[in-house]
Amino acid sequence: MKPNTVFKRAYNRGLARLGDYAIASDVGSEPSWSQALAVSRTTVRAIFSAFAAGGLIAYDGRRKVLLRHPVAADYYPEVETEQVGAVVEKQFMQWILHGDCKPGQQINALELSRQFGVSASAMRDYLNRFPRYGLLERRPSGSWVFKGFTEDFAEELCEVRSMFELRSALRFVSLADEEPAWAELSRIGNDHLALLEEAESRFTDFSALDERFHRCINDASRNRFIVGFYDVISLIFHYHYQWNKRHERERNIAAMREHLTYIDALQRRDAAAVTQSCNAHMATARLTLLASIQGVRETPDPGRAWPFPGRLASGERPQTRSRH
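For the sequence shown, our numbering begins at 943 and goes up steadily by one.
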């Protein structure tokens, strides 16, 4: 982990939490912040000191009074708050998606570590996750070979993904109101709405938003195996979605609308609606993945093949709820 990453991540979460308080109000005690941010009181004191130095709060005896709400410039850049593994994953995903990588292509871990600005050991640790699934094969020379995917592999993956996703989604609705995941879900919903407004020209930006949305849901499982397995899911689905360009704009727009239905169900804590929207979205993902792998099968027309609960009438804007 980069130096001070724990502090910077907690600091950014703390900034988001300040938005819950009114100007001139007391922001609360160190113990309450320690529990909310899941860090030590020592870290909380350092965060409060940084807030004070930035003119966000002022000390008034034992009270800490909010002077202003945070703005974008107050936050640490995302790259400074990520764990090394997350940095490697993001860089590798971008390389796979935009590097025209095809089955049989060799991967040089050392070259990639230099390109990504990470250690060779961090790069190897990341790549070592995939041979067990048949996605990468390590050669005696130390290089790796990117393998292809079969239809049977895709069917098995979709089955496991559906189980894990639904388990995580139902766990999500039981999270306490103060959990940071709710604020992140609200931001993701708003980002979907913004992207839909410009979908005609920015539909290719959906891949990163899709990964962020499903990562948010799977992280709620608090299950190390589900969270770890999502690396494989993310790699395969986004790789093939990018590889198959046919109907990409329509497909991404339809998926964004499915996401908004799904997000609304989560925010309402409606387990039945969550189950319905999750299963519908997983069925769509399966159809699209199989179409991209088979190649010869034409991707279904998005107007007919992607029905989802609460489909919007033409021109109607989806709604998302904010819990904060």
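Just so you know, not all the hints are guaranteed correct.
[To be verified] Label-pair distances were calculated between CB atoms; the ranges are:
{"hint": "1", "residue 1": "1221", "residue 2": "987", "range": "39 to 49 Å"}
{"hint": "2", "residue 1": "1117", "residue 2": "964", "range": "21 to 31 Å"}
{"hint": "3", "residue 1": "1140", "residue 2": "1010", "range": "27 to 37 Å"}
{"hint": "4", "residue 1": "974", "residue 2": "1052", "range": "18 to 28 Å"}
{"hint": "5", "residue 1": "968", "residue 2": "1221", "range": "20 to 30 Å"}
{"hint": "6", "residue 1": "1191", "residue 2": "1164", "range": "34 to 44 Å"}
Simulated from the structure, these hints should not be mistaken for lab results.
Because the structure is a prediction, the values reported are computed rather than measured.
Idealized CB from N, CA, C, for every residue including glycine.
Evaluation of the provided hints:
1. 1221 x 987: 39 to 49 Å: This hint holds: roughly 46 Å between Cβ atoms.
2. 1117 x 964: 21 to 31 Å: 25 Å, holds
3. 1140 x 1010: 27 to 37 Å: 31 Å, holds
4. 974 x 1052: 18 to 28 Å: At roughly 47 Å between Cβ atoms, residue 1052 and residue 974 fall outside 18 to 28 Å, so the hint is violated.
5. 968 x 1221: 20 to 30 Å: 45 Å, violated
6. 1191 x 1164: 34 to 44 Å: 36 Å, holds
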